[in-house]
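Participant: Could you build all of it, start to finish, from the sequences and the hints given here?
If you read the sequences in order, they're chains A and B.
Under my numbering, think of the first position of the first sequence as 1, with each following residue one higher.
Under my numbering, think of the first position of the second sequence as 1001, with each following residue one higher.
Treat the hints with care, as some may be off.
For lysine-lysine, the following BS3-like pairs were computed, each having C-alpha atoms within a straight-line distance of at most 27 Å [said to hold, decoys possible]:
| id | chain 1 | residue 1 | chain 2 | residue 2 |
| --- | --- | --- | --- | --- |
| 1 | A | K36 | A | K65 |
| 2 | A | K176 | A | K196 |
| 3 | B | K1035 | A | K36 |
| 4 | A | K196 | B | K1002 |
| 5 | A | K19 | A | K65 |
| 6 | B | K1052 | A | K196 |
| 7 | B | K1052 | A | K121 |
| 8 | A | K196 | A | K137 |
| 9 | B | K1052 | A | K176 |
| 10 | B | K1052 | A | K137 |
Residues of chain A placed beyond 12 Å of chain B at every Cβ, according to the derived structure [what the hints assert, rightly or not]:
| id | residue |
| --- | --- |
| 11 | S13 |
| 12 | A51 |
| 13 | S76 |
| 14 | R81 |
| 15 | E94 |
| 16 | D118 |
| 17 | L127 |
| 18 | P144 |
| 19 | E145 |
| 20 | K154 |
Read the hints as simulated data drawn from the structure, not as lab findings.
Every value quoted in this text rests on a predicted model; they were computed, and no experiment measured them.
Using N, Cα and C, we set each Cβ at its ideal position, and we do this for glycine too.
Now for the letters of each chain:
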Amino acid sequence: MGKKRTERVPDASVVRALKNGDPHAMEELVRRYSNKVYNLAYHLTRDANAAEEIMQDVFLTVISKVDTLANDAFFSTWLYRVTTNAAYGFLRKERKFGDQTAIDEETEHEPSADYLHDWTKLPDSILLSEESRRILKESIDSLPEAMRTVVIMKDVEGLSNEEIAQALGLSVPAVKSRLHRGRLILRDMLSGYFRKYTLEGDHPA
Amino acid sequence: MKCLVCSSLFPDYMENCLSQDVIDELEHHFRFCEKCRVCFSTYRLTVMLSSKVEQPAAVSPESVERLTSLLIQRFFNGARGA
Ligand SMILES: [Zn+2]
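Facilitator: Here it is, written out as structure tokens:
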């Protein structure tokens, strides 16, 4: 594989070339995935230095162990798994984001009293304001780790349920359930925050 | 359809992976249940806002170059392909 554009070559072929010792294949994988690995690590850790370090470790790990990858098509999910594990390791060490108690899969989410409060008609200037983004970010970070990771991978990074399931060693239904409950909690937090604006609208001066 | 069932279908409804008869039932429920209607529209908007909460962080070309050199050194004895 030369210097020409190789975007269309499937990962599996690039990985096979890497296994055969082609340095261009390695460079191509770095080109394809360094940003994704960095973003995922950065959004999970919220630490740019840690994200760079994790990115480096992840590539060192996967390239040194690439021969152990049985199915070449699973390269990206493997990469995401190594990345999330490294990010978890960092978070444990730093004790970031508070209590990481395991979540009870059976607990039903109690809808908050705000359920009839429709804030979707608020203008973008409020919905997308600096403050509302900060509130949402803080809300995501306050989720139990198992939900937080899934919400970041799915709704922030745009990975598929299948990719997340494989990366985290979960079933797809388990991913969906964590995602759904995480989103419901975030929705309630946003409902609470936006209430001050909808109240203004309900009772014009 | 019960409200609890309705709410549990939100993720699949958003991803368009419900069968048509379930979609019909769900949308029928929405017409008569304001609570679920509001729940869904705020849920969907929450997901949309989450997708915009982070600026995509671009890794600098320098660190990609550093990483590539490190990997080349470590695994290819410093020799880049022609
Ligand atoms: Zn309902």
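Participant: Decide, hint by hint, whether the structure agrees.
Facilitator: Taking the hints in turn, this is what the structure says about them:
no. : hint               : verdict
1   : K36/A <-> K65/A    : holds, 20 Å
2   : K176/A <-> K196/A  : violated, 31 Å
3   : K1035/B <-> K36/A  : violated, 38 Å
4   : K196/A <-> K1002/B : violated, 31 Å
5   : K19/A <-> K65/A    : holds, 10 Å
6   : K1052/B <-> K196/A : holds, 22 Å
7   : K1052/B <-> K121/A : holds, 18 Å
8   : K196/A <-> K137/A  : holds, 19 Å
9   : K1052/B <-> K176/A : holds, 20 Å
10  : K1052/B <-> K137/A : holds, 10 Å
11  : S13                : holds, 16 Å
12  : A51                : violated, 7 Å
13  : S76                : holds, 17 Å
14  : R81                : holds, 19 Å
15  : E94                : holds, 18 Å
16  : D118               : violated, 5 Å
17  : L127               : violated, 7 Å
18  : P144               : holds, 16 Å
19  : E145               : holds, 17 Å
20  : K154               : violated, 9 Å
Comparing the model with each numbered hint stated earlier shows that hints 2, 3, 4, 12, 16, 17, 20 do not hold.
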